[in-house]
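There are 2 protein chains.
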Amino acid sequence: MQFYRKEVYKKGAYLIKPEQSIEDFYFMKKGCVTYYTIEDGVTRVMEFFTEGSFFTDLYPYIEEIPSESYLEVTEDSTVYTISKTDALKVFDYSHSLERFGRLSMQKAFINNFQRINRMKNLSNQERYLQLLEKRPSLFQRVPQYLIASYLGLTPVGLSKIRKRLSQQ
Amino acid sequence: MQFYRKEVYKKGAYLIKPEQSIEDFYFMKKGCVTYYTIEDGVTRVMEFFTEGSFFTDLYPYIEEIPSESYLEVTEDSTVYTISKTDALKVFDYSHSLERFGRLSMQKAFINNFQRINRMKNLSNQERYLQLLEKRPSLFQRVPQYLIASYLGLTPVGLSKIRKRLSQQ
DNA sequence: CGTATTTATTAAACCAGTTTAATTAGAATC
DNA sequence: GATTCTAATTAAACTGGTTTAATAAATACG
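Residue numbers (the numbering used here), protein chains in the order written: chain P, 1 to 168; chain L, 1 to 168.
Hints are computed from structural coordinates only; laboratory data are not their basis. Keep in mind that the hints are not guaranteed to be accurate.
Given that identical chains are not distinguished, each listed pair holds provided it fits within a single copy or across any two copies.
Okay, derived cross-link-like pairs now, BS3-like style, lysine-lysine, Cα gap no bigger than 27 Å in a straight line [to be verified]:
(1) Lys120 - Lys107
(2) Lys29 - Lys160
(3) Lys84 - Lys107
(4) Lys17 - Lys120
(5) Lys163 - Lys120
(6) Lys29 - Lys107
(7) Lys163 - Lys11
(8) Lys160 - Lys17
(9) Lys160 - Lys11
(10) Lys29 - Lys11
(11) Lys134 - Lys120
(12) Lys163 - Lys134
(13) Lys160 - Lys120
Sequences are here, hints too, so could you generate the full structure?
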């Protein structure tokens, strides 16, 4: 029983756009997807999903309401996709996969929680350095202004931080 | 089979302190527990757990490493406690409770995720107002400097925001 | 009670970001 | 290779916070 499907996307494609309902859960095999919203013309990057990430636009997925976000392929990508109905079937069928689901969710929760604390406790400069250390490849994969947004900065602000660092 | 126990704590007690290993998961029936760390003498509030919260110091709980945080009872509280071994037994025994566990984790994840975005997209003033609206009772229950810390501000900063608002 | 202690506010100097706008650098396209 | 378009940097004025320190208000307690 093959309950997921393999899909290949070109850079520039969208897995999800605003107004859409969310039917699928994704696993990133290879590539990069940027998860963002646009409010009042301002792009706000929430996450970059790269190799090994499970993801979707979770809140609309669960609540069965339309998305307000984009999942844009920012680098040619291979993803494994499972529909919501198939995911539920799998969980009904298998206690151990339900457990896997629980543990995955737990892991995602912890990641997020630690990220909150990182954000709260570190300066912007420190958070930039930490990102540079933990996910250096991002800086080759996505433009700097998206990284600035992800860090909660303006492009100008990030540029200033980089300058300050290069002068030391 | 009663797998949880009811416990009553007085204000000032600790469920968890640094160095301890985390054996239990908690459900807050009534009261308030403040979850914080102290680094370099600086208290950083991560969360206030009030009625209806499931909580523990999750990362050390899962990784089985010592905690670095405090769970301090900031208001007389009644909690239901379940040990890690009992929780695992329950999940082994019951697929539907495992599902409940997964869904609870999912809910916690979404809450957190939305909080991240709130933090990123809103000004400090807006986040203060939002907290005031969503959890007004907190301001009666915990001192303002802890709320400042929770919002990522200094007590002075929060006081200025309050003044600014009162002058409009 | 009155005194001691903790919490909240205020003031002043400072700083790391913002906004706006101009400039430079880099990529894509003809 | 020149042109065009997008991304990144720089500059200048500004803003919302910080830090430190003093003061005022609230709370605890002998």
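### Query
Of the hints given before, which are not true for this structure?
Hints 2, 7, 8 and 9 not satisfied by this model.
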